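First to last, the protein sequences are chains W and U.
Position 89, counted from 1, in the first sequence is what this note's numbering calls 488; the numbers after and before it change by one each time, with no gaps.
Position 32, counted from 1, in the second sequence is what this note's numbering calls 1202; the numbers after and before it change by one each time, with no gaps.
Just so you know, the hints here were simulated from the structure itself, not pulled from any lab data.
Everything numeric in this text was worked out from a predicted model, so none of it was measured.
Built from N, CA and C at the ideal position, the CB exists for glycine as well.
Hints are not guaranteed to be accurate.
Negatives, chain U to chain W, calculated, CB over 10 Å [claimed, not checked]:
no. : residue
1   : Q1187
2   : P1269
3   : T1272
Which bits of chain U does chain W cover? Going by a derived footprint, with three or more residues having C-beta under 8 Å, they are [as the list claims (entries may be wrong)]:
no. : stretch
4   : 1209-1215
5   : 1219-1231
6   : 1273-1283
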Amino acid sequence: ILNVEQSPQSLHVQEGDSTNFTCSFPSSNFYALHWYRWETAKSPEALFVMTLNGDEKKKGRISATLNTKEGYSYLYIKGSQPEDSATYLCAFMSSNYQLIWGAGTKLIIKP
Amino acid sequence: DSGVTQTPKHLITATGQRVTLRCSPRSGDLSVYWYQQSLDQGLQFLIQYYNGEERAKGNILERFSAQQFPDLHSELNLSSLELGDSALYFCASSPSGGPVDTQYFGPGTRLTVL
Chain W
400 ILNVEQSPQS LHVQEGDSTN FTCSFPSSNF YALHWYRWET AKSPEALFVM
450 TLNGDEKKKG RISATLNTKE GYSYLYIKGS QPEDSATYLC AFMSSNYQLI
500 WGAGTKLIIK P
Chain U
1171 DSGVTQTPKH LITATGQRVT LRCSPRSGDL SVYWYQQSLD QGLQFLIQYY
1221 NGEERAKGNI LERFSAQQFP DLHSELNLSS LELGDSALYF CASSPSGGPV
1271 DTQYFGPGTR LTVL
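With the rest of the complex left out, here is chain W (with noise of 0.2 Å):
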């Protein structure tokens, strides 16, 4: 059974700060790993699609990192905003072209 985690489950942090969590996936049949982030009572939104060992993605504040001999990725939050408060999710693509989700980290920016 494929399985991803993500961790923590939740997070708190201070307006200002760096922060940082993990997502760990099966390091057979890689294909690919996406981040997405889902804010309360909206949607899931992408944020980075990730294919290759040692890939670093970057989107403004938020960078993303991926070691598929491991089968970890980390996500990074620079001086973390309240507008960055929202659950951050990964999703591990095998070779059966199958979406795997992970149950997400909750940040929470405390002002």
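Given the coordinates of chain W, work out where chain U should sit on it, guided by the hints.
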């Protein structure tokens, strides 16, 4: 606004009934996905269509079925509804349905089974 539309927004029905959820993908997208999000659970992939054909199947119950029509809109049919089917159902679309495609999510349909 992702460009994906879902109707209805809310649906309240009774156990044993059958409902149909509708999804229109973004203009130009050929692939549609259906997801279920129950209370305290993550997104569960149900099924994917590409250009009218089923491409991948997840944890979709036999009581549920879906199809994608020639105009590319999709419908998810849920029958013999149970209390546990109460959930938020998302539709997403992507250009080609490939593994590195970004999926664009609709606003969801909240189903409540009483």
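Quick rundown of the hints versus the structure:
At the 10 Å boundary, the C-beta of Q1187(U) stays outside the reach of chain W, the nearest C-beta of that chain being 26 Å off. Listed as a non-interface residue, P1269(U) fails to keep its Cβ farther than 10 Å from every Cβ of chain W; the least gap is roughly 4 Å. The beta carbon of T1272(U) is not kept farther than 10 Å from every beta carbon of chain W, the shortest such distance being approximately 4 Å. Restraint check on the stretch 1209-1215 of chain U versus chain W: 5 residues with Cβ-Cβ distances below 8 Å, three needed, restraint holds.
Taking a C-beta to C-beta cut-off of 8 Å, the stretch 1219-1231 of chain U contributes 3 residues in contact with chain W, enough for the three needed, and the coverage statement holds. For the stretch 1273-1283 of chain U, the assignment as covered by chain W holds, since 6 residues bring a beta-carbon within under 8 Å of that chain's beta-carbons and 3 suffice.
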